[in-house]
Each structure stands twice: as C-alpha cells, then as structure tokens.
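Peer 1: Based on the hints, put chain P in the right spot on chain U.
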Amino acid sequence: MADLAKLYEAILNGDQKTAVAVTQEALAEGCDPMELITKHMVPAMDEVGRRFECEEYFVPELLLSARAMKGSLELLRPLLAASGAQPAGRVVIGTVKGDLHDIGKNLVASMLEGGGFEVIDLGADVPPERFIEAVREKNARIVALSALLTVTMPAMRRTIDALKEAGVRDQIKVMVGGAPVTPQFAEEIGADGYGENATAAVALARKFVQAG
Amino acid sequence: MSRLAEWTAQRVLITDGAWGTRLQELGLDPGEIPDAWNLAHPGRVEQVAREYVEAGSDVILTNTFRANRITLAAAGLADRTREINQSGVALSRRAAAGRARVAASIGPTGKMLMTGEFTPEDLHAAFLEQAEALAAAGADALLIETMSDLEEARIALRAARTTGLPVIVSFAFDTGRNRDRTMMGVTPEQAAAEMQAGGADAVGANCGAGIERFPALCARMRRACSLPVWIKANAGLPEWREGRAVYSTDPTEFAAHLRALVEAGASFVGGCCGTSPDFVRALVAAREAL
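Protein chains in written order, with our numbering: chain U, 1 to 212; chain P, 1 to 290.
Since the hints were made in silico from the structure, they are not lab data.
Treat the hints with care, as some may be off.
Said to hold, decoys possible - Non-contacting residues of chain U with respect to chain P, defined by C-beta distances greater than 10 Å in every case (computed): (1) M1; (2) A2; (3) D3; (4) L4; (5) N13; (6) V20; (7) M34; (8) T38; (9) E47; (10) E61; (11) R77; (12) R141; (13) G167; (14) K207; (15) Q210; (16) A211.
Claimed, not checked - Here are the simulated lysine-lysine pairs, DSS-like style, with alpha carbons at most 25 Å apart: (17) U:K39 to P:K111; (18) P:K111 to U:K70; (19) U:K39 to U:K6; (20) U:K39 to U:K17; (21) U:K207 to U:K39; (22) U:K17 to U:K6.
What the hints assert, rightly or not - Far from chain P, some chain U residues (derived; all Cβ distances over 12 Å): (23) K17; (24) Q24; (25) A88; (26) R130; (27) A147; (28) D192.
Everything numeric in this text was worked out from a predicted model, so none of it was measured.
Cβ coordinates follow ideal geometry from the N, Cα and C atoms, glycine included.
Bound conformation, chain U alone (with noise of 0.2 Å):
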C-alpha cells in the first residue's frame, strides 16, 4: 500500500522525488486522483501557507514544496482531464509592461499552480495588448498583474482601463501584487484584490473562483 502520510510530508518538505514516487504507487494502486489531491496534497500546500505566514518557511522553502506538488500534479492532471474534472481555475499572469522584474510573479505562478489553478504565463514586461489576447483565447477567469518598481505601477492601472476598453474587463477578476503595491493602490486602480505574498495570491484566487 502506497503511504499517503507519505505523499504529504514529501510535499510539506519540497521533496519532489517521494512525491512523484508515493503518487505513482497510490495512482498503480487504482488511487482517485481526485482525492489524492484534496486529502493529501492540497492540505500540505496550505500547511506550507501556514509556515510561510508564520515566518518558518522562506521563498526557497515555498519554491520546493511548489515544485513537489507539481511533480505530482503532472501525473494526476491527464486522469483527472480524462475524467472530465476541471482545474480549480484558469489564472493569466505577468508583469506589467516595463517592468522587467519577474522573481515575484514566478513565486505567485508556482504556488497558484501548486493550489490547483492552470497557469498561462506571460512572462515580464507584457503589454496590455497581451493580456486581453490571453484573457480572450484562454477564456481566464483570473489575471494577476506584477509589478516591481513605484515607477512601473502606474502600468497596473493602464492593464486594467485597457481590459475594460477591450470589453473583457467584466469576465475576470483583477488581482494585483508587488513590493510596492498596497491595498489602498489595488482600490484606486480598480483591482478586485490585492495579495501581500504567494500564499495570499492563492487565497485570493480561490475566493474569487468561488464567488466567481
């Protein structure tokens, strides 16, 4: 019998290895991959949050729990396509044109991959222009908009008045994040939500999926 405990305390301390291993064992067993997420992996990525909010995990920490959980997701996303089952969410991220800054907006992009949602990355320095491409063809529910520097902020909001302008802006929600950002500038520019850090990004989108 694969060891479930085992699948948990592999994603809890970033060991990619176990993970993908105990998730091969459990899947030849006749697992559900359906449960195998939300009994074990996803309690263990919110237990990696809880860490990070107390300040026991650090970046380097949330990066390799991140990185086990998609070792994992990897094998059980083409069982759970078959099935029918959807992600949790389709989120279309990048940093903001100008800004070239894209450690942050990576961070984001693991742990919201990590809690489920299906990822388009856009990279950094993406004009407005690319998000509504994105938004359209990708049929996103979610964008998130990075951004690094005081100076390139004022992108945040050019992104937002161009989603409206295109006519997408009422299909999405807008989350914004950044070292600069604030809560106050995500209200001014029109955001629907601010995230202090990857574990709060990934609270936001969740609750956006639900009210969605």
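Peer 2: The following block gives chain P in isolation, referenced to the frame of chain U:
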C-alpha cells in the same frame, strides 16, 4: 583585516542617496533601464553623481546596479555590458574629482538559482565580467548590494575579489514581521558571518525598510563579524499619492537616526529609495553635531 578600515578610521563616512528617481526627474522613462543612460545620456548621469559630491558625500556609487550581462540581456543590451560599466565608473570618477571615493555598484541578477534557469557558473561569469570592467575603469571599491540570496552573494563576492579591490556586500532585509530577513530568509547574522568568511571587506544592509529599522540590523551584523558595516536605508515606505510614490520620511527625520546608527557600529551611512542630495546634506550636518 578589512581593507576599508583605513577609510573609516576617522569618522563615519556619508555615502549617497537614490539615483533612479533623480534620473527619472531628468527624463528617464519609467521602466527604462537606468544603466543604459551611461551611454545614451552620460551628462545627466554625471550630473546626479556631481549633485551628491556637492552635497558632501564621502563615497558615491555608480549607475551600474543592473549592468550585469544577465540583467542587461533582458533589455537587449548584453553586448554593451563592458561599455556601460566602464562609462558608469568614468562618470562617477569625473564627478568626484578626487573629493569622494567611488564604490561601484553591482546588483543582483534578478534570477533565482534554485529555479535552475541559470547555473552558479552563469552567475559567476556575469559578475566577473562586470567586476573586471568596473575595476579596469578605476573604481576604488566594489559594492555588491540589495542581495537576498546567500548563494548569489557568495558567487558575486568570489568574482569581485579577483579584481583585488575592497568589496562591500550589502543585503536587503525586507521580509518578516520585523523586516529582519531577506526574501530568501537570510538573517543579518548569517549574512555578516558568511560574507566575512568569503573575504568581504565590509558587510551591510540597504533598501528593504525605513531607516528606523536599521540600527537594530546594524548592531546584529556588527556583533556577528569584525567588519565595518555599510548602511543605506529607505526614506520610509512608499505611499501612493496622486499617481506617484511618495516616501514618508523627510531629510531631517532621516538624519536624526544617524546617532543611533553610529552607536550601533555603522561605518558608512547613506540613503536608498526615496532619498536625494538633501538627505546627504542632512546627514553631513548631523555628523557635525555628533
């Protein structure tokens, strides 16, 4: 033994303030890489350096924070790496005209080693190329700043040390409730001890938080090693007013922290985001009153 001990033997040295925001006032587009101006608008870069020298800076930096090949490549400037660094040092040296020393700035690559996108060898090659260009152009010291990953800092230090110049390594403590960890979870004690072990001539803290947090960071670094400590604090945290970032601490409030920093063992004090030549003037005046 730090090769910077001689610089700081007499009194605390005042460094400079922010460059990016001043360059924007002079016309740099938001999001445009400031380092590109070393070639495109050298006069305006030299003007910023001169403003700091005239305000009384003992040490000024160079406009080369992002001028490593990996970061410049993202802006399509990889093949100008050497020129951008050499010009950056030449402009600061000309502005200093012997009145201030030039510590040439080396920032992080903005890439995380643990994602595997770049290898330690890639980073070492990029830092080595930048450090050699800065040294060849006549920098007095190399400043590795705003670091958050201990491994990247170690690699940069190893590369910088091959030039034979004194090397300062400074970290950004911007994470945690007390803003006393780097993004990667590094503590001031770890940073100081590891950099001393790697052969640094000074360690420090820059950016990250408002100046009121820095005396404690400084004392912790000082206790964890025997090197001079370099401090460059932000003017508080940015607030968003009428479409632009405003920093909450004014020059007088900022300089009022100089005494606490000196008591905590700081050998170099200056400003990071949100500071200007007025902050340097206030620090110089506050030093007279110590």
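Peer 1: Check each numbered hint from earlier against the structure, then list the numbers of those it violates in ascending order.
Peer 2: Numbers 10, 17, 27, in rising order.
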